[in-house]
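Q: Sequence:
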Amino acid sequence: MRRFFTPLLILGCLMSLLLSCFSNVLFRDQQFSYRDAAHYYYPLYQKVQKEWEAGHWPLWETEENGGMPLLGNPTAAVLYPGKILYAVFPYAWGARLYVVAHTVLAFVAMLALMRSWGTSWTGSTVSALSYAFAAPILFQYCNIIFLVGAAWTPLGFRASDRWLRRGERMGLLELAVVLCLQTLGGDPQSTYITGVCAVGYAFALTWLRGRTTPWKIRTGQVVALAVVLAIGYVAIVLGLAILLPTFRERHIPPLPLFWMPWAPLVVLVVWGLIGAVLVVRSLRGRRESLLVPMLTGLGSAGILAGLLAAAQLLPVLEFTRRSGRAAGGGPHDIYPFSLEPLRLFELIWPNVYGSNFSGNHHWMALIPYLSQHANIWVPSLYMGGLTLILALGVFGFRNGPPWRGWLSAIALLSLLASMGEYTSPIWWARQVPAFAEKLGPLDPQDVAALRVDGMLRDGDGGIYWLLSTLLPGFRQFRYPSKLLSFTALAVAGLAGLGWDSVLVRLRRRTATVATILLVPSTAALAIVLIRRYQIIQALTAGAATQKSIFGPFNPQGAYDELLWSLIAGTVTFALSLVLVLKGHRAPKLAGALALVLVTADLALANSRYIFTVPQSLMDATPKLVELIEQAERDRPQPSPTPFRVHRMPIWDPYIWREEAASDRVADFVTWERKTIQPKYGVPYGIQYTLTMGVAELYDYEWYFGGFRQTLDTEVAKRLQTPPGQQVVVYPRRAFDLWNTRYFVLPSLPNGWNDEHRGFAAFLDDSELIYPPPDLFKGPGGEQRQKDWVTKEDYQLYRNRKCFPRAWLVHEGKPIKPVTGMDRTDREGPMLEILFENDHFWYDPNLRVYDPSRMAWVDSDRLDELQPYLGQGAPGAGETVTITKYGEQRVELDAVLERPGLVILADVFYPGWRLTIDGKPAPIYRANRLMRGAAVPAGPHHLVYTYEPDSFRTGSRVSLAGLALLAILGVVFLRRPISRRLVMPEALAS
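Under the numbering used here, think of the first position of the sequence shown as -8, with each following residue one higher.
Just so you know, the hints here were simulated from the structure itself, not pulled from any lab data.
Warning: the hint list may mix true and false statements.
[Unchecked claim] The calculated lysine-lysine pairs, modelled on DSS-like cross-linking and capped at a C-alpha distance of 25 Å, are:
#	residue 1	residue 2
1	Lys614	Lys768
2	Lys792	Lys708
3	Lys875	Lys41
4	Lys875	Lys792
5	Lys41	Lys614
6	Lys910	Lys875
Given these sequences and hints, build the entire structure.
A: Written as structure tokens, this is what we have:
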């Protein structure tokens, strides 16, 4: 029985944490409900599964942004093998088990990594539990692609170690498969960083193998050198922050510095030269260098991973290189979700700043700060008190196995990089008024990637900026806090090593760490208990300014959360100290108690962040879907389908700030589904004009950018605002052109200058459908209207100016073709296309064109189109009718009295093919991003089909990759070890 005790204990700890976190979804018919888990991934994966069930490859979706590649959307994870769960189980169960399965995978993968390093079962389980149920990992159920990536990462580390330290060739195949699965699962950033970590490990092992004497560090010299280098770096960064803006061309909006488009190429060339130097030195060196074969193996594994994933990877690359992320002056920004330094205390005490989810108890915003607080990527950093103590006890680079130094470096660098802008000298210098005069003020709220004043960003010159600049392609990943997954892996791994070191009497440092944490925790707990009244008073004093969508600030709740955090932390540190000091006397009992402590600690601290709602709520048809369907039945349109709906992206009812709720997350889901926040309408066939997701086509974004406009007296009177006030305006013609039949808008304009509520441009030539105007008539009507505005806060309008999905023109205007991803080829033509001189956007110096009569076409195709372009509006007998509209096939019937250009208001994108009366025909770029077909006079049948070469080519490459994987597997079974890479045991220890 004793031999089964350890496995049963490990299984029991895992099951206990799974039940504490996921019992609602497993046994109470509930579904994950917070953030992207509900409004993004649930409908997106439902769309993918619907396509599979219909017998189609999920290649394209019509429901967003004029049509988008579904396979090319990396977050859709179309070809990821783990999605088989959605095919085997009903969709709702597939969504639940997908999260649970990857949490279990994270546990098993971390356990396997630690066991491969010879860590004890107890130490390995401490690592596995601390990793899989750490807040930065567990909370990624809200952003499932990052949970998928994190689940596979430990196996990527294990495979890298197998090759680099033990010379096992099968490790390369394991690494290739892991990198492929991370990519297919939607998290190429984990793929990339796993590879970067492996390369760093290769350099470290090469240096370690080349040592002839023990590594002796003189701490004083190292500290002095570090201080000198830091001062020099800070001086250089601040000097450049003053100098570089003087080279920036003055332009509104601002443009990148003129050399920035060349920077990625230069970085790539430099890395290529470094690689060439390493190869040459290896060939000419007297001693054989192991670095080149190590890196060659890693590079080969990366290439094989790319081959295996090519069927999805090539469509993804085809899409992203046309998105705003690839544009030098695009809207992407790399600093949102930077980790504030103050939040490092969350590693020590669970939920020390309180939480929002059972009421607004989060008090961190009351702390006087140097700038505005950052957006939060994960609500907690907590990984367990014992975990932190054990990890800090062995953190370091000397007198240990190489993987300890590897994990220590990853923990340090990933944590610092996750702080984003807060590690930049510019951010810190701008706190000083004298420096701010030279450097400019701190970044304003909601700043764009390039500041309007042309100054450098707060985060430029920081550690994350260095990674984004020096690592090719890294900038595309955005969001520094994503790196916390690697911090969690490294800290969890060090904790497992720390447990084993404690049991072999290397516990003095660990005991010191535990004491250092226990003493201030006990003191803080005593202060909070003694000064309870004063603390609550201080919290109450700032309560009025801390309203949020989670309700009014609750000082008593915030105090209770703080008290609970300090009690939990103090008890955990005390028990941990006892285990560290006495564990070696009864190692088996101590190991069991350690696992129980870690399990209980993580369950109490982190299970609270798994939010669910009843499945029935996710299955109910949204209110606005029903209203739109009813409106279509009541008043059929000349061109009934298809049509698009524009739902303004982000706003929420003001009542949420005034009233507390026992389950605000359920309120989010209920209201967001009712108002079809993207992507909730996708499963019901709602086609959104504009959604903001992982990426959008850069040219499509150009249609819909808002701007501020000064109102004249007449319009100001209509909007009940002072004349001369600036309001947010969106180009109405863009929405009309893209077949927007319905607008879903807020009820409360908030002064018309809020970009999330600036709906003034959508009111003219629109008809209110809901709420019906007579709802607010009669006794109590004024109060009903007030309640609607504050509690419901949405309205549905029908657009009378909506263009059909397809129409005919006979006139064309040539414009310069788009040749790159900068602004210069786009500004002038888009101004012509969108300007209509309405009440909100007027300029007597600009000419108004009529897109119902003419189309803008690329000048390099003008000769081909000349026979089809003339003068005059379409005749009364000329018609264009959509007879079939599917995901990958669109059919139209057109009747023309003379040659013309048939416009289809779907995006122009590679892979779409056209036949006219069964004969292949070219597709022309019309109105910058729509599809145009040159059609002769007479009746004709047009068929568009989506047959992307990227998928066809990628599929063949993936098949070749699978064949190569099988061949290499056979070869490596016969020759499993590269002897020269096997590290001597003396060095490995």
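Q: Now tell me, hint by hint, if it's right for this structure.
A: Each hint, compared with the structure:
For the given pair, Lys614 sits about 22 Å from Lys768 by alpha-carbon distance, which is consistent with the 25 Å threshold. Straight-line distance between C-alpha atoms of Lys792 and Lys708 comes to about 23 Å, which keeps the hinted pair within the 25 Å bound. In summary, the hint linking Lys875 to Lys41 is supported, as the alpha carbons are separated by about 19 Å, within the 25 Å threshold. At most 25 Å may separate the alpha-carbon atoms for a hinted pair to count; Lys875 and Lys792 meet this at roughly 24 Å.
For the hint linking Lys41 to Lys614, the alpha-carbon distance of about 22 Å falls within 25 Å, and the restraint holds. A C-alpha spacing of about 18 Å is found between Lys910 and Lys875, which places the hinted pair at or below 25 Å, so the restraint holds.
Of the numbered hints listed earlier, not one is contradicted by the structure.
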